[in-house]
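Number of protein chains: 2
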Amino acid sequence: MKAAVLSPVAWRTPPRHYGPWEQVTSNIAEGLVKLGVDVTLFATGDSITSGTLASVCEKGYEEDRTQDAKVLECLHISNLMDRADDFDIIHNNFDFLPLTYSGLIKTPVITTIHGFSSQRIIPVYKKYNHIGYYVSISNSDRSAELDYLATVYNGLDTRDFVFNDNPEDYLLYFGRIHPDKGTAEAIEIAKKSKRKLLIAGIVQDEGYFKEKIEPQFSDQIEYIGSAGPDKRNALLGNALALLHPINFNEPFGLSVAEAMLCGTPVIAFNKGSMPELIKDNETGFLVNNIDEAVNAVERLKDLKREDCYNWATAQFSCDKMVSDYLKLYQQILGR
Amino acid sequence: MKAAVLSPVAWRTPPRHYGPWEQVTSNIAEGLVKLGVDVTLFATGDSITSGTLASVCEKGYEEDRTQDAKVLECLHISNLMDRADDFDIIHNNFDFLPLTYSGLIKTPVITTIHGFSSQRIIPVYKKYNHIGYYVSISNSDRSAELDYLATVYNGLDTRDFVFNDNPEDYLLYFGRIHPDKGTAEAIEIAKKSKRKLLIAGIVQDEGYFKEKIEPQFSDQIEYIGSAGPDKRNALLGNALALLHPINFNEPFGLSVAEAMLCGTPVIAFNKGSMPELIKDNETGFLVNNIDEAVNAVERLKDLKREDCYNWATAQFSCDKMVSDYLKLYQQILGR
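For the record, the sequence lines run as chains A and B.
Numbered by full-length UniProt numbering, the letters in the first sequence go through residues 1 to 335 in order.
Numbered by full-length UniProt numbering, the letters in the second sequence go through residues 1 to 335 in order.
In short, the hints are calculated from the structure, not lab data.
Certain hints may be false.
Identical copies go unnamed one by one, so any copy, or any two together, can satisfy a pair.
Derived lysine-lysine pairs resembling BS3-like cross-links, with alpha carbons at most 25 Å apart [to be verified]:
| no. | residue 1 | residue 2 |
| --- | --- | --- |
| 1 | 212 | 196 |
| 2 | 59 | 127 |
| 3 | 106 | 327 |
| 4 | 70 | 126 |
| 5 | 126 | 59 |
| 6 | 192 | 271 |
Just so it is clear, the structure is predicted and the values come from calculations on it, not from any experiment.
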């Protein structure tokens with residue numbers, strides 16, 4: 001099977017630091033190559049793949065700001081579309097713009113909707129609903145106006161995470177410092193539980209940080225800045241639990257899956273994709289408010305960390321994701 | 001002949017106030033209908049045409065800011081491209097994005113390059129150079145990196161302008177108040193010539209206006225604000241000459257053509273498209289500096305205003321423009 005995998009061109013694929021869509025796209029492309037698919041990755045010229053690389057620009061527009069994003073995007077997309085006949089299937093990881101070329105080619109296009117940046121982009125998805133094969137990254141992230149072929153959860157490289165059955169005695173907050181993510185709520189849960197809390201993440205909302213978060217730092221509530229991939233594994237694996245008291249319908253919680261891959265259960269507010277990511281009372285607790293979360297902390301001892309690890313490995317691994325996508329390709333191609 | 005004429009969707013076609021690309025596109029579409037072409041105008045839903053209107057949005061994204069420009073653009077372009085087979089020819093007046101669909105359809109696409117917003121968009125034009133039929137709006141506005149089919153000057157509706165052989169005794173500056181347009185130079189020319197100067201136009205560079213222009217206002221140098229279509233004709237027609245001492249390579253000077261359509265000669269700095277617009281020593285003077293311009297003011301009496309009118313009518317009318325485009329369509333279609 002010959003597959004064209006279309007990545008964004010904001011960042012390198014895989015990204016050097018930030019670039020979540022480029023990361024997942026890289027995971028898909030590399031996983032497909034391992035399964036014997038003939039993959040051409042359409043990405044920036046400095047991208048790395050074990051398949052064939054096709055590019056129209058050396059660097060992403062976020063990494064070389066002298067470039068015009070709109071120009072790069074349309075040259076990049078048309079570079080694939082002009083060669084559509086070379087492929088059995090096209091996997092679009094690039095949002096809505098490629099869809100508007102898909103009525104002009106014969107090759108089927110499967111589109112992973114990695115997120116809706118705005119309700120204003122839905123009309124494009126609606127227009128191509130009849131020919132688009134849409135994949136959601138969680139059941140909760142679906143638009144009621146669209147038809148979907150399947151949900152495929154983001155897959156992580158399980159080798160990046162080590163199971164730890166002997167955690168230390170702290171709770172962990174891991175994510176952007178932002179009201180959506182519930183940093184202040186995590187602090188309140190830790191205080192009421194009389195547990196130590198480590199907070200790791202970039203400050204995304206400076207006002208929120210200064211007003212609600214920073215004044216609470218103490219021996220008990222400790223901010224350790226942003227934790228890169230090197231520190232991430234130890235930080236997650238040594239935590240008693242990850243606190244994830246989100247205030248929005250998160251389409252997919254990467255840190256939730258990562259924590260469980262280390263054996264660490266998650267206490268999350270029951271919103272968005274959380275009921276899909278967490279097996280309630282087995283790999284964590286789905287709660288509705290701070291008091292329920294405090295109660296859940298007391299019940300952590302009832303959970304087996306091995307259950308967290310096994311669940312996450314089965315659900316959120318690259319292998320699982322890639323296998324799911326390959327099945328969808330085969331389904332579309334009638335094989 | 002069935003022609004699809006693609007307009008931008010920033011403003012209505014024709015525009016209510018501002019919207020130069022939409023204005024020229026409207027002139028093309030309406031002129032073609034008169035010549036018996038079966039025209040479908042792709043534009044906003046509130047657009048007005050004697051052909052057939054095709055649209056995906058009621059209002060332009062500049063007139064209804066709740067809309068996403070990128071979404072509107074790609075839905076609008078693909079609305080035409082999906083129906084490409086219905087047309088003998090597609091006339092693109094929408095910049096570079098439609099080109100990136102043109103390799104996927106069979107219908108030839110002729111593109112008027114109304115201007116290069118940036119050198120960064122040239123790679124798109126280069127990519128499609130081999131299949132694109134590019135038209136420049138003046139010979140001076142051509143990129144050396146591209147091949148062109150022809151130059152077609154913007155055409156004006158000559159009925160909007162009245163020939164006046166008995167002007168009053170003032171010079172006119174007509175255009176945006178901006179260093180590029182040479183407002184300060186026009187004032188200096190008028191002062192040295194000891195002539196009255198009327199200045200009409202919107203203030204585009206506030207600092208320049210406050211520092212260099214406003215302090216010079218007097219009985220001799222008079223600012224009359226922005227002059228709409230209703231005042232334009234009298235203002236241009238009654239002027240002894242239009243002063244156009246530009247400091248940039250203007251791709252096409254609309255006010256230059258408009259002045260001559262009223263019989264008013266133009267004294268312009270010899271840059272950009274000026275040698276194409278003005279017949280030196282017949283419909284105005286091409287000069288290189290302020291002193292030469294002052295000298296030219298003295299020589300205005302040597303020019304016949306009728307020559308200005310006749311030249312402009314022959315060169316810059318809608319009828320001429322549309323006839324030129326129709327010949328190009330026929331040439332492309334091998335008829």
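Right, here's what the structure says about each hint:
1. In this assembly of identical chains, residue 212 and residue 196 lie within 25 Å of each other by CA distance solely inside one copy; the values are 18 Å within and 65 Å between copies.
2. Taking the shortest Cα distances, residue 59 and residue 127 sit within 25 Å of each other only across copies (19 Å), while inside one copy they are farther apart (32 Å).
3. When the C-alpha separation of residue 106 and residue 327 is checked against a cutoff of 25 Å, the pair qualifies only within one copy, where the shortest distance is 20 Å, while the shortest distance between copies is 34 Å.
4. Both within a single protomer and between protomers do residue 70 and residue 126 lie at most 25 Å apart by alpha-carbon distance, with minima of 22 Å and 16 Å respectively.
5. Taking the shortest Cα distances, residue 126 and residue 59 sit within 25 Å of each other only across copies (19 Å), while inside one copy they are farther apart (32 Å).
6. In this homomeric assembly, residue 192 and residue 271 come within 25 Å of each other (Cα to Cα) only inside a single copy, at 22 Å, whereas the closest approach across copies is 75 Å.
Violated hints are absent here; each numbered hint is respected by the structure.
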